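Q: Assemble the complex: chain A is given as a structure, and chain B must be docked to it using the hints.
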Amino acid sequence: MYKILRREEIAENIFLNEVKAVDIAKKAMPGQFVLVKYGEKGERIPLTISSADIEKGTITIIYMAVGKSTLVFSSLAVGDSFSDITGPLGMPTDIEKVRRVICVGGGTGIAVLYPIARGFKEKGSGVDVILGARNESLMILRNEMGSFADNLYLCTDDGTLGEKGFVTDLLRREIERDKPDVVVAIGPVPMMKAVSELTLKYDVKTLVSLNPIMIDGTGMCGCCRVSIDGKTRFACVDGPEFDGHKVDYDELIKRLTAYKDKESFKLKDHKCRIRNER
Amino acid sequence: MNDKKKKIPRQVMPLQDPDIRKNNFLEVPEGFDKKLAMLEAERCLQCKKPQCVEGCPVSVPIPEFIKLVKEGRFEEAIIKIRQKNMLPAVCGRVCPQENQCEGRCILGRKGDPVSIGALERFVADMAMEKGYGDCTHEIRKTGKKIAVIGSGPSGLTVAGDLAVKGHEVVIFEAFHKGGGVLVYGIPEFRLPKSIVSYEIKKLENYGVKFVYNAVIGKIKTVAELFNEGFDAVYIGVGAGLPRFLNVDGENLNGIFSANEYLTRTNLMKAYDSSYDTPIVNGKNVIVVGAGNVAMDAARTALRLGSENVSIVYRRSRAEMPARGEEIHHAEEEGIKLRLLTNPLKFTGDENAWVEKVECVEMELGEPDSSGRRRPVEKDGSNFEIPCDLAIIAVGSGANPILTRSEKELKLTPRDYIEADLSTGRTSIKGVWAGGDIVTGQATVIKAMGAGRIAAEDMDAYLSELP
Chain A
1 MYKILRREEI AENIFLNEVK AVDIAKKAMP GQFVLVKYGE KGERIPLTIS
51 SADIEKGTIT IIYMAVGKST LVFSSLAVGD SFSDITGPLG MPTDIEKVRR
101 VICVGGGTGI AVLYPIARGF KEKGSGVDVI LGARNESLMI LRNEMGSFAD
151 NLYLCTDDGT LGEKGFVTDL LRREIERDKP DVVVAIGPVP MMKAVSELTL
201 KYDVKTLVSL NPIMIDGTGM CGCCRVSIDG KTRFACVDGP EFDGHKVDYD
251 ELIKRLTAYK DKESFKLKDH KCRIRNER
Chain B
1001 MNDKKKKIPR QVMPLQDPDI RKNNFLEVPE GFDKKLAMLE AERCLQCKKP
1051 QCVEGCPVSV PIPEFIKLVK EGRFEEAIIK IRQKNMLPAV CGRVCPQENQ
1101 CEGRCILGRK GDPVSIGALE RFVADMAMEK GYGDCTHEIR KTGKKIAVIG
1151 SGPSGLTVAG DLAVKGHEVV IFEAFHKGGG VLVYGIPEFR LPKSIVSYEI
1201 KKLENYGVKF VYNAVIGKIK TVAELFNEGF DAVYIGVGAG LPRFLNVDGE
1251 NLNGIFSANE YLTRTNLMKA YDSSYDTPIV NGKNVIVVGA GNVAMDAART
1301 ALRLGSENVS IVYRRSRAEM PARGEEIHHA EEEGIKLRLL TNPLKFTGDE
1351 NAWVEKVECV EMELGEPDSS GRRRPVEKDG SNFEIPCDLA IIAVGSGANP
1401 ILTRSEKELK LTPRDYIEAD LSTGRTSIKG VWAGGDIVTG QATVIKAMGA
1451 GRIAAEDMDA YLSELP
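Residue numbers (this note's numbering), protein chains in the order written: chain A, 1 to 278; chain B, 1001 to 1466.
Chain A with its partners taken away, still in its complex shape (with noise of 0.2 angstroms):
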């Protein structure tokens, strides 16, 4: 069970893997994530279902090799396996068909907006895709986009790749081009503050996707609670995906620092046992 049958560098500290999941790959929907954890004394960590594959029976995920867990699954080889994966998990979003949606995705988030984009095309909207990353070794997924996307617009903070300049700056052109119905936007979340903010001035109906810290998946633990519209949701099972203009984005980045010290302490002492077993 969850062997992984490819392994892929897509871009600079960026790794995909293709798992075996049955059951899982079965019920995937764009927007759902998995929970992922290898070894007895691995965490949790949650990861979004970037592709599934009912006839093979696998899904896809990526992910940057940030922290402990995520630089330990990048080492993983084809043949080895996970030891949990838990899903699918959150609500599905909701995928219409829309004349115009324009997708935006940053950094890894586009891992996250590329079955959401996907979907709004199979249903027969107009798709627009927006993508930024920091530079051009860090775009992911751009030909895979640009597959089915009506317009792809790439942007770098560089310029190394597409124009130079954020997506927002991209995004604002867009809009006052031709007002989308709604923008999806998935990345950091200081991008998505940014883009919900942009959005707001300009009164269209705008989905992000958020990343709190996770454990359980299944809304026992309340780690991933994040504020919506002043209330409190948690992201596993209300989420991930929420209306972009009623999320407290300071809030979750806040949120987000909780563990810093421990992580850095974890992979310190990873990278020097690594480099002392090897």
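Don't read these hints as lab results, they were simulated from the structure.
Because the structure is a prediction, the values reported are computed rather than measured.
Be aware that a few hints might be false.
What the hints assert, rightly or not - Straight-line distance between alpha carbons at most 25 angstroms, and here's what the computed BS3-like set of lysine-lysine pairs gives:
| # | chain 1 | residue 1 | chain 2 | residue 2 |
| --- | --- | --- | --- | --- |
| 1 | A | K41 | B | K1201 |
| 2 | A | K3 | B | K1177 |
| 3 | A | K20 | B | K1209 |
| 4 | B | K1141 | B | K1429 |
| 5 | B | K1407 | A | K27 |
| 6 | A | K27 | A | K121 |
| 7 | B | K1407 | B | K1429 |
| 8 | A | K254 | B | K1283 |
A: Showing chain B alone in chain A's frame:
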């Protein structure tokens, strides 16, 4: 003869010293040895109409097993207990005996009741150590297949009862380990996880299959389970959705639901630094609430190295719902009880980490719907307590995942599953439910009692099926 029995005092359970035990996760009550157990067993009057049995939610044949202990026939004692109780090692440790069997013991009227819980634990632990007590007779397979959703105490009981009757049972568990609240909620120092694993292994020996990481309602629906060939389904998913106070500042870093705090520690073993899941320690910890969960959280925080740990509770000592023994042990370990105190607001530092909590003093007024006197704020009595870690243990409600996905399942106004308490039947034919998902947060033994009732009804139903 009875006079002689009455003269034997209730044997004292050996306990780990508070100053030592607050730094380890080993069990606090160390358990009776053979000598203590047999002496305690002598005290039982072997009443013709045992009140203790009436106080037991699963009707353990108490005087009978105690007589076997007295006679040194321990193997027969475990077989006797297991006729009615699938999880004696668990119950002997966590049941609120003072409200159940021991609360009804005749000896308790003028003196101390028989230590029924300790005796049950002794028998169960002995059986675990020696490896006996299994059902030895041949079990004929019925060919019927049952899906149990949830591997907490109620699901495990249903599984055991039905497996012993020859049915094929598959348990679907959302987590990566079985036991439900036994493994994520109750700490190691109250219920060693090795016991839960042992009980699960026993069920597997009976042919029960466990499927982990399976969230029914997401990966499969109940209807799909029937399509896959299951003849009946039992829902024991519990009431794990944590409640919060809904006060300002509750989303600051360093504020946890008790479920989160305990899951990190118990299930994910965050207290062991070789495990990756992190946990946070504080200098000044407050735990809001006074049930067993609050006690567990407070005593865990202490063991993880927190310096000052206080329980903050809006009512008084008499209304505290926790088991007497837990409150007593907590106080011995140095946990403060700030009673008639209610938190109003949390404030954080520049990193959004909690640093203090504003509280108000309370006084008790008229009883509310729970029968307990309603706490009322005393005007102008606000004060602040330094707090860098807060654990909210004010109860939990129905987990919505499965119930949201089964539109035909009739729910109560508070989103619990509506089930006939005398049979466990829900509004869907072939589907039973029991435990906290039906009653709201209660106890391990009550969940087991509900499982017992449902299993009996399910067995009758299955025997009628072609």
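Q: Under the criterion that the straight-line Cα-Cα distance not exceed 25 angstroms, is the pair K41 (chain A), K1201 (chain B) satisfied?
A: holds, 21 angstroms
Q: Taking 25 angstroms as the top limit, are the C-alpha atoms of K254 (chain A) and K1283 (chain B) close enough?
A: Status holds; Cα separation ~21 angstroms.
Q: Given the hint that K27 (chain A) pairs with K121 (chain A), test it: the Cα-Cα distance must not exceed 25 angstroms.
A: Status holds; Cα separation ~20 angstroms.
Q: Holds or violated: K1141 (chain B) with K1429 (chain B), Cα cutoff 25 angstroms?
A: With Cα atoms ~23 angstroms apart, K1141 (chain B) and K1429 (chain B) stay inside 25 angstroms; holds.
Q: Mind checking the alpha carbons of K1407 (chain B) and K1429 (chain B) for me, to see if they're no more than 25 angstroms apart?
A: Judged against 25 angstroms, a Cα distance of about 14 angstroms means the pair holds.
Q: Hinted pair, alpha-carbon criterion (25 angstroms max): K1407 (chain B), K27 (chain A). Please report holds or violated.
A: Judged against 25 angstroms, a Cα distance of about 18 angstroms means the pair holds.
Q: K20 (chain A) and K1209 (chain B): Cα distance at most 25 angstroms?
A: This hinted pair holds, its Cα atoms lying about 21 angstroms apart.
Q: Given the hint that K3 (chain A) pairs with K1177 (chain B), does the C-alpha gap stay at or below 25 angstroms?
A: Answer holds: K3 (chain A) to K1177 (chain B) is near 19 angstroms, not above 25 angstroms.
Against the hints set out earlier in the document, no violation occurs for any number.
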